[in-house]
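Q: Chains as they are written, first to last, in my numbering: chain A, 2 to 120; chain B, 2 to 120.
Read the hints as simulated data drawn from the structure, not as lab findings. It should be emphasised that the depicted structure is a prediction, and the values quoted were computed from it without experimental measurement. Take the hints with a grain of salt, since some may be wrong.
[Stated by the list, open to error] What follows is a list of derived Cβ distance ranges for each label pair:
hint, chain 1, residue 1, chain 2, residue 2, range
1, A, 74, B, 49, 19 to 29 Å
2, A, 50, B, 109, 20 to 30 Å
3, B, 77, A, 79, 55 to 65 Å
4, B, 79, A, 67, 27 to 37 Å
5, A, 40, B, 27, 21 to 31 Å
6, B, 73, A, 67, 58 to 68 Å
7, A, 107, B, 86, 25 to 35 Å
8, B, 85, A, 49, 27 to 37 Å
9, B, 112, A, 13, 24 to 34 Å
10, A, 75, B, 59, 46 to 56 Å
11, A, 40, B, 85, 33 to 43 Å
12, B, 112, A, 74, 46 to 56 Å
13, B, 96, A, 92, 44 to 54 Å
[Claimed, not checked] A few chain B positions that, by computed beta-carbon distances, are all more than 12 Å from chain A:
hint, residue
14, 43
15, 59
16, 64
17, 99
All residues carry an ideal CB built from backbone N, CA and C; glycine is no exception.
So the chains spell out like this:
Protein chains: 2
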Amino acid sequence: MTRGRTNPDFLNGVPELVVLRLLSQRPMYGYELVKAIEQSSGQGLEFGEGSIYPVLHRLEAEGALSSRRMEVAGRSRVVYRVTVPGKRKLSEALEAWRRVVGAVERIMESDEHGSPALA
Amino acid sequence: MTRGRTNPDFLNGVPELVVLRLLSQRPMYGYELVKAIEQSSGQGLEFGEGSIYPVLHRLEAEGALSSRRMEVAGRSRVVYRVTVPGKRKLSEALEAWRRVVGAVERIMESDEHGSPALA
DNA sequence: AGCTTATACCTGGAACCACGAGGCATGGCA
DNA sequence: TGCCATGCCTCGTGGTTCCAGGTATAAGCT
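All chains, full assembly: derive it from the sequences and hints.
A: Next comes the structure, spelled out in structure tokens:
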């Protein structure tokens, strides 16, 4: 994110998109989120903790998430929830994602026509 | 590409996927390819030359592309075409792409159910 | 003739991200 | 007691994208 000059930040930023989406459904803590991503993607996505925690911190620093520390059975958990600006960010990210998928799909299905060449 | 430990190389690697696909339809030279991507994606994707040329060189070094230099109207063009291993690489990349899109889509549409939490 | 734009190639370096590896601490179970 | 799961975290590396810039020819405009 952050940058995205000519193209929106499609390629990377999938972890971010996924985190925002899952947290918008239900507040979760990091470790739970890592497992939730695996489950709800049908094992299609497996981001390690080393990928997710930095995203969580980054999003919180941006104000897209807020956190609350909880003590549960001697375990310390940091529960994250999506803020109002975070929800806006989610919808923007989702829109950008769909645009990219659409564009790639268009190319993948293009039938050799549609791009007459310039030569 | 190249790596892809737990997750296949989805997020990035879009330029690579697109290049392989377009060249599999018709051999092109770099500059032409840059324009073709814009056109055939419906302006959804706009990779600059600084993004595309390195991809071209990398893919050729890997053996996925072969090139031929041509002189046209005083202009020197390097025309690329997809090799046999390149075609295989394309189908693998496309498959990986579809898996990722499917996984993300599943999460985006997940209805809060499906991931009962582990806490 | 001179200037700008389009064509056509290319690289260097910065910025950024994903992720493996590793570290620390507690609880539960065999 | 030992080991695994839970739960948090960061550092370093590798890889990719991409902006900026550089070179050179052709074509169009005034």
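Q: None of the hints should be skipped; say for each whether it holds.
A: Comparing the hints with the structure gives:
1. A:74 <-> B:49: 19 to 29 Å: The hinted range 19 to 29 Å is violated for residue 74 of chain A and residue 49 of chain B, with Cβ atoms some 53 Å apart.
2. A:50 <-> B:109: 20 to 30 Å: holds (22 Å)
3. B:77 <-> A:79: 55 to 65 Å: holds (58 Å)
4. B:79 <-> A:67: 27 to 37 Å: 52 Å Cβ-Cβ, so the 27 to 37 Å window is violated.
5. A:40 <-> B:27: 21 to 31 Å: violated (42 Å)
6. B:73 <-> A:67: 58 to 68 Å: Given about 59 Å between the Cβ atoms, the range holds.
7. A:107 <-> B:86: 25 to 35 Å: This hint holds: roughly 26 Å between Cβ atoms.
8. B:85 <-> A:49: 27 to 37 Å: holds (35 Å)
9. B:112 <-> A:13: 24 to 34 Å: holds (27 Å)
10. A:75 <-> B:59: 46 to 56 Å: Since the Cβ atoms of residue 75 of chain A and residue 59 of chain B sit about 50 Å apart, the hinted range of 46 to 56 Å holds.
11. A:40 <-> B:85: 33 to 43 Å: holds (39 Å)
12. B:112 <-> A:74: 46 to 56 Å: violated (29 Å)
13. B:96 <-> A:92: 44 to 54 Å: Violated - the Cβ-Cβ distance for residue 96 of chain B and residue 92 of chain A, about 30 Å, lies outside 44 to 54 Å.
14. 43: Label violated. Min Cβ-Cβ 6 Å, cutoff 12 Å.
15. 59: Correct as stated: the minimum Cβ-Cβ distance to chain A is 16 Å, above 12 Å.
16. 64: At about 23 Å from chain A, residue 64 of chain B clears the 12 Å cut-off, so the statement holds.
17. 99: At roughly 9 Å from the nearest Cβ of chain A, residue 99 of chain B sits no farther out than 12 Å, so the non-interface label is violated.
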